[in-house]
Each structure stands twice: as C-alpha cells, then as structure tokens.
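These are the residues of each chain, in order.
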Amino acid sequence: MAEFLTKSRARNVFYGGSIFFVVVFIALTVQSHRYVVTTSTAGMPLSEEVVLGKRVWERHSCINCHTLHGEGAYFAPELGNVMTRWGVQDDSEGAYEILDGWMSAQPSGIEGRRQMPHFEITEEEMRGLAEFLRWADQTDTQGWPPKDAG
Amino acid sequence: MKYQSQKVALAYFVCAMGLFGIQVLGGLLAGWIYVSPNFLSELLPFNIIRMIHTNALIVWLLLGFFGAAYFLVPEESERELYSVKLAYLQLILLVVGTLGAVGSYLVGIHGGREFLEQPLWVKFGILVAALIFLFNISMTVLAGKKTAITNVLLMGLWLLSLLWVFAFINPENLSLDKMYWWFVVHLWVEATWELVMAAILAFLLLKLTGVDREVVEKWLYVIVATALFSGILGTGHHFYWIGLPGYWQWLGSIFSTFEVVPFFLMMSFAFVMVWKGRKNHPNKAALLWSLGSSTVAFFGAGVWGFLHTLHGVNFYSHGTQITAAHGHLSFYGAYVALNLAIFTYAMPMLRGRAPYNQVLNMVSFWLMTGGMAFMTFVLTFAGTIQTHMQRVVGDYYMEVQDGLSLFYMMRFGAGAAVVIGALLFIYSLLVVRKREVITPGAANPVIGG
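Sequence order for the protein chains is A and B.
This note's numbering numbers the first residue of the first sequence as 1 and each following residue consecutively.
This note's numbering numbers the first residue of the second sequence as 1 and each following residue consecutively.
Derived by calculation from the structure, the hints in this document are not laboratory data.
Just so we're clear, the structure is a prediction, and the values are computed from it rather than from any experiment.
The reader is advised that the hints may include incorrect statements.
Unchecked claim - Covered stretches of chain A (chain B as the covering partner; in silico rule of three or more C-beta atoms under 8 angstroms from a C-beta of chain B):
| no. | segment |
| --- | --- |
| 1 | 11 to 25 |
| 2 | 88 to 95 |
As the list claims (entries may be wrong) - The calculated lysine-lysine pairs, modelled on DSS-like cross-linking and capped at a C-alpha distance of 27 angstroms, are:
| no. | chain 1 | residue 1 | chain 2 | residue 2 |
| --- | --- | --- | --- | --- |
| 3 | A | Lys7 | B | Lys146 |
| 4 | A | Lys7 | B | Lys207 |
| 5 | B | Lys145 | A | Lys7 |
| 6 | B | Lys123 | A | Lys7 |
Beta carbons are placed, not taken as given, at the ideal position from N, Cα and C, and that holds for glycine.
The shape of chain A in the complex, shown without the other chains:
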C-alpha cells in the first residue's frame, strides 16, 4: 500500500470517519423517527387494539413463517398488505371475520401443503390481530409491494 498511508494515519482516518458517520446516522434516525410518527403511520391511530394485536403477533412468532413488510421468514405469504389482498382494509368487522375464519380452519391437514399451526387466540385478541394487520397495511411503505400478491 502507498507510503503516504502510514499505520497511524490509517487509524486516525478510521476513528475520525467512523465518528462522522455515526453522527450523521443519529441525526437521520431522529428525523426518520419523527417522520414515522407524524407521517407514514399516521393514517390510523395506534389504538389499544392495535397494540394488543402486535403482542399477539409476537407471542405466536408469526414472523418465523411469514414476512411483514418483506421482513421475516419466506415460508408463508407476506402479511403487510394481507387486508388489501382480502379486500377488507377499510372494513374493521370484515377484517376480523375473514381472519378468524381463516385461522380457525388451520391446520388444513392437506397432504403436500404447507401447514399453519392452530393457535389458541381469544376473540378480543383476534380482533386486535386484525386491527394490527390493518394498521400495518395503512403504513406508507413507498409503494411496496409492487403487486397485491405481496
């Protein structure tokens, strides 16, 4: 490597540059945090039901089969836009009914088809989960996914 680049110069560039990028990153994080709260997820209130739904989503570790906004496991369909796909994004009651119907029919037991487990979920929790998925669906995700198929 070039002679002008001594070990101590390389070290100083490393430390100085890293601090610079950390500072920029923190500033952008603060701005992004505000943007999420005030703009991209502001279309629907973060109600108690939605929060309950998020806890239900987490307790059953849905993320280890499904993706949500494209993140998670790739074993089962994307759920960030599932309410749009089902045509119930603007219908709270319809969202609950279709979700409840789907989940109580699992596992399908069909040979050769991926199986979704049976989950013990109360009616209140199921309503929360439906609201959570509607809430996720209303997030401004920069137009992603490209198709309703998810």
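Please arrange chain B on chain A, whose structure you already have, making use of the hints.
Showing chain B alone in chain A's frame:
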C-alpha cells in the same frame, strides 16, 4: 500456546461446535419441511425450528468470537487473562441461557421479533455475560501491550455489546420497532461483526504467513474504515419499504454498494499476505479456511448482497428466496468459515498436539463450501422465478411456491452435504488422534511454526 489462560478458549470452541451441530441439523429439518410440508407440522411447527436454527447460529458464532478473543488477546497483549474464573462464569451463563431459550421455544415460550425471540431473562443473561466479557478482556488489554488487532477486536466487541441494548427496545409502532430492530441486526452483521472478523483474520494471517506486523495492521485499519464508512449508512438498504422516508432509497443504495469494498479488501488482504509471506506454516487447513472465509464472504456478503441492494432491484426482490440465498452464503463465508478457521488454528495448540488430520478437515471445507454454494445457486434461481411470478406477474404466493419444489429438493440435498461436512469438521477436531493420511511432498516441506 504461550499463556496458560488461553486454555479457556477450548471450552468456548467445544460449546460453539455443539451448537453448530444443532444449528445445521435444525436447518436440515427446516429444509426437509419445504420438501415435505406435513412433516412434524403438528408437533414442531416450522417457526419453532427456524428459531432454533437462527438462534443457535448467532449464539455459536458469538461463543466463537468470545473464545477467539480469549485465545488471541493474551498472545497479543503478552500477558495472562485478567480472570480465568470470570471467563468460565461467562460461558456458563451463555450456555444456560441458550439451553433455556431452546427449552422455552420447544414449549412455545418466545418473543416475536425475528432473531430476538429469547425470553427476557435470557436477554438479561446475555447482557450480563457480555459485561463480564468486556470487563475481563478490557482489563487484560489495559494492563498489557496494545496492538491494532486488540484495538479493533475490542472496539467491535464493545460496540456489538452496546447495540444489544436495542434488543430490549420494542416500540408499539411497528415501523419504529423495525427501524430499531435493525440497529441490532444490521449494525451487528454489517458493521461491528466485520471489525471482529477483520481482527481475527489479521491475527490468523500474521501467524500463518509471518508477514510484518506493521503491514498487517495498516491493512486492518483500512479494511475496518471501509467497513464502517459504508456499513453505518448502508443500514439504509433495510429502510426502503418499512415506512421510513424515501431518501433512504438513495442513501441505502449508494452506501450499501460500497459495502462490497471491505469484503473485497479482506479477500485481497488474505491472498496478498499469503503471497508475500515467507513462512510455511504446518497448519494448512487453517490457511485454507482463512482464504476460503474471505473469498466466500466476498461472494456471499459482497456480490450476493450487491445483487439485490439497489432500491430499484430490491423493490421487486425484497423478502424472496433471493434474500435467503444471500443470507446463507454471507453468514457462512464471513462468520461461520472464519470461526472454523480460528478453531482449526487454535485447537491443535489448545489440545497440545501437532496440527493433525488436516486432510479430513480440508475435505469438510470443500463439502461445506460446495454445499453452501450449491444451495445459494438454487435459492437464487428459485428467488428469480419467485420475483418474476409474484412481483411482476402478480401470481399468489402459494401458487408460485408450488412451482418451486424442484429447487427446494435440490436445496435439501445441498443442505445434507453441509451437515455431513459440519459433522466431519467437528469429528476431525475433537475425535481423530491420527496425523494426516497423505504425507506432504518434498517441495512442500513442513517447518515448525
């Protein structure tokens, strides 16, 4: 082995290899469920198996890093570890926590943030273990000689432990949850872990090739500088579609493109050092793993990462089998192979033997690397078809998946090769007592290292 306290690394490496076995067997099981979906579906659903597969991986890699630090820091600092007892206490905490987490998963107790599913008490256990480690290793370094290798290694380990704090932060707002989640996930594997990787690689090359320390350490600083300069803002490539501002599409695309650079440099570094080195170190298997790790990391993390990092591409490929292909090859190349390199280098010394059974070890390298490469190719093909059918044409997910079954069968075969390779590796380091079956030729004399 120059210092008695380096011996603690042996216990870390053995535990790491045990979890490595569990990890690949979990992966094989998950791969089989893709082929035969009804298998175990009621008893042990896919989400639980995947949790065990990913968590075991992360913990064993960390155990390997901790063990590597305990092995190389005394040698670099030229003094014994501050406390051997603390090092064992830390290991016990981590092993109890891991077994506790696996046990909890099996009975259905787990969180729901990907990779951070551990019950709260396990997360605290990991935090305490990390603090013990940082205290122990920092006291050792502070009292001894400071080198670039220990500087970078410590900085990486300190930062990754600090970032663990974000494992406890789970906002109710999903988009915020995702943003802070990446502070652990991305800033671990695409920033701080790279520091640890580069430091361990520098140590290995210093020992294996005998190149001047000054040269090695200059390379090291340049590599880690490019890693953090690209990796920190490169976090933006995870922020495209989760509800964050649109400018991340440009920032993420540009900076994450540069994330290829540190991996290219690490590969070049490894080959240039071997080329320049005058030493003919007897542990050829460790050299193979070191070169192999930096090369596969370049392809897995660098090339396969770039493949889908630009936002115009990622809009279509995000969250498909393309991501799975990249994830497998990058973890294997950068972190699995590097850990196996330091295990291969250190084990003969830790067990007080000449570097033995190298051929078996090298066979395991080719089995695992070949298997992972094949797996990456078939998943990339599957992901390309999936991207087109689902994201361009708009066919439903399960219909597309049904058409990909041939790829999943081939992936299972590739996974089986990896598992055989992994078991062979563990066997070659822990069980076999004989020297190699093939005698090195006269043109390749074995001189003591």
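Against the structure, the hints come out as follows:
no.: 1; hint: 11 to 25; verdict: holds (count 9)
no.: 2; hint: 88 to 95; verdict: violated (count 0)
no.: 3; hint: Lys7/A with Lys146/B; verdict: holds, 14 angstroms
no.: 4; hint: Lys7/A with Lys207/B; verdict: holds, 19 angstroms
no.: 5; hint: Lys145/B with Lys7/A; verdict: holds, 17 angstroms
no.: 6; hint: Lys123/B with Lys7/A; verdict: violated, 38 angstroms
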